[in-house]
Amino acid sequence: MTLALLAVGLSIIFGMLNVVNFAHGAFYMIGPYVAVLVAQATGNFWLGLLAGTVFTGLIGMAVEFFGVRPLYGKGEILPLLLTFGISMIFTESILAIFGPLGNVLKKPAIMSGTVDLGFILYPKYRLFLIFFTIALTFLLWLFITKTRLGLLIRAGTQDTTMARALGVRVKPLFTLVFGIGAGLAAIAGVMSAAIQGIEPYMGMKVLIPAFVVVTVGGLGSFRGAVIAALIIGEAKCLSILIWPPMSDVIMFVFMALVLLLKPEGLFKSR
Amino acid sequence: MASVNNKKNITETGGGIKPDLSTTSLRMRLVSPWTSLAFLTIGIMLPYMAPYTSLATECIIFSLFAVSFNILLGFTGLLSFGHAAFFGIGACACGLTMANLNGGVLSALGMGLICSLLAAIVIGFLCLKSHGISFAFLTLAFAELIYFIAYQWSSLTGGEDGLGIPRMTLDLFGMVINLKNPLVRYYFILFIVIICFVLIIRILNSPFGRVLASMRENEERTSFLGFNTRTYKLISFCLAGLFAGVAGSLYTIHLAFVPIENLHWSVSGEIVIITLLGGMGYLFGPVVGTVLFIGLRELISGFFTRWQLFVGIAFVLIVIFLPEGLSAIPEKIKRALKR
Chain A
1 MTLALLAVGL SIIFGMLNVV NFAHGAFYMI GPYVAVLVAQ ATGNFWLGLL
51 AGTVFTGLIG MAVEFFGVRP LYGKGEILPL LLTFGISMIF TESILAIFGP
101 LGNVLKKPAI MSGTVDLGFI LYPKYRLFLI FFTIALTFLL WLFITKTRLG
151 LLIRAGTQDT TMARALGVRV KPLFTLVFGI GAGLAAIAGV MSAAIQGIEP
201 YMGMKVLIPA FVVVTVGGLG SFRGAVIAAL IIGEAKCLSI LIWPPMSDVI
251 MFVFMALVLL LKPEGLFKSR
Chain B
1001 MASVNNKKNI TETGGGIKPD LSTTSLRMRL VSPWTSLAFL TIGIMLPYMA
1051 PYTSLATECI IFSLFAVSFN ILLGFTGLLS FGHAAFFGIG ACACGLTMAN
1101 LNGGVLSALG MGLICSLLAA IVIGFLCLKS HGISFAFLTL AFAELIYFIA
1151 YQWSSLTGGE DGLGIPRMTL DLFGMVINLK NPLVRYYFIL FIVIICFVLI
1201 IRILNSPFGR VLASMRENEE RTSFLGFNTR TYKLISFCLA GLFAGVAGSL
1251 YTIHLAFVPI ENLHWSVSGE IVIITLLGGM GYLFGPVVGT VLFIGLRELI
1301 SGFFTRWQLF VGIAFVLIVI FLPEGLSAIP EKIKRALKR
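Chains as they are written, first to last, in the numbering used here: chain A, 1 to 270; chain B, 1001 to 1339.
Derived from the structure by calculation, the hints contain no laboratory data.
Treat each hint with caution, since some may be false.
Stated by the list, open to error - Restraint ranges, calculated between C-beta atoms of paired labels, are given here:
id	chain 1	residue 1	chain 2	residue 2	range
1	B	Gly1295	A	Met246	53 to 63 angstroms
2	B	Gly1226	A	Thr145	22 to 32 angstroms
3	A	Tyr201	B	Ile1114	32 to 42 angstroms
What the hints assert, rightly or not - On the chain B side, residues computed to face chain A include the following (Cβ under 10 angstroms):
id	residue
4	Leu1101
5	Leu1126
6	Gly1132
7	Tyr1147
For every residue, glycine included, the Cβ atom is placed at its ideal position computed from N, Cα and C.
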């Protein structure tokens, strides 16, 4: 489920800004690091989550403002390379500050233990994760399709010149979108950190699965990203049951198949 | 724009006669014979300038690797994020030939070349169904696929430990080349790298190279001119894969060891950085990038382990302020002085 959140963030940044964000993994990693610092200082998981998300969102905005903005209109490759360099800077900074060893983020006390679903005992936290992700995705979808701000963002994406001619200030909107995408990545990171712990390379590890998900789902497609994340997550889990070595490979096979049969991905954007 | 120069230049170099048809047109800044000569001289002197020989060897091997990548990025306009796959496949194939099949150095080199070429044909055929960003993702995905296969198949590749192979001597028509000696090994590798460079220059200067450049400038227009752009892109991809495979094989010969990290996508990323740092519009741009990258690593890693931080910062600055790369600096200065 965290993969879905991550992919959605990546997907809106690509869909709206046409920027392939290689720094997404770095945002996914910075979020939990900040969250741990705050959570350990205050003893509150939720404050940590909030702080991590907001901080990462701001960093995302700064990256957009200083880095990506001068590169709009200069093709797709330069922003991609830029974010790649930025992800390198963030990963190395975290390594320099916190060292290569991992850390743990304690999940909130109410969330430990299991809950009886009738047919299976399921960890409370994971259940929470599922509902939280669904709710967040739904809210985001509402924001983009139903609110005025969402409308402006979509207008700015579809035809930047026209939107500006109509008096919309597009640039701050783009910065906002980038910030939201980064914030989503941070939430995904914090959420998974409570299960898997944190380490400097965690972002690098999820970045490629996230790309696969976004590509399979159709670049820039919101719905596609969510569905593809579920499919790929399932495929990965099921293949562990059948033949473990296959689990690393299955998603790439899946991606290759999808792109060969339907090069634009499962769902076309917009 | 630069002046058009149709003269056929023939440069006499140590390796023999090197035809250099430099026709500078549009944004195609191909290399002048003097630059080639300068780089050749540096190549020959490098072991005496570098702090230790194997560093120089690494430099020339990665130069070849980066230049092969630049056939795609700089001269065809395709961004591949999985170029390490061919480097790694070449390295593995070469290593396996030497370790398991008792092949000689040359047959191992040939094996690395053939295997990476085959891989490039298959991967290129599949990936080139897509364009732009999807192409970058697809190449990345295939490279990861190969990495994980190699990682899991540890009985063949040694998995995480890598594959050790014996050092060899090369018996060439009665002339024994002792590859155990680092300096001899350097010049053997340099010789092959130079052959590859001459071939690459020749290919990029040919009419075929022009078609590649025109696809970079405007793919649609090129296809309207009657060129099958997909076939041309595939050939370019295969050439890039092939030379990367040679670089990988040379790396195996150099290290006498095949680390699985060769295949990891971070190597693909490194090669992208190197090419951008040096300048993707220039034939020797990636070479400059390589020397700089390896030099920075040696300089900084001595007192600060997170040397990649500086590489990242330099890279970001280059992308924002000087996307043409460091090789563009002389030209920029020249232009500024004229003004």
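Hint check results:
{"no.": "1", "hint": "B:Gly1295 x A:Met246: 53 to 63 angstroms", "verdict": "42 angstroms, violated"}
{"no.": "2", "hint": "B:Gly1226 x A:Thr145: 22 to 32 angstroms", "verdict": "45 angstroms, violated"}
{"no.": "3", "hint": "A:Tyr201 x B:Ile1114: 32 to 42 angstroms", "verdict": "35 angstroms, holds"}
{"no.": "4", "hint": "Leu1101", "verdict": "25 angstroms, violated"}
{"no.": "5", "hint": "Leu1126", "verdict": "6 angstroms, holds"}
{"no.": "6", "hint": "Gly1132", "verdict": "6 angstroms, holds"}
{"no.": "7", "hint": "Tyr1147", "verdict": "9 angstroms, holds"}
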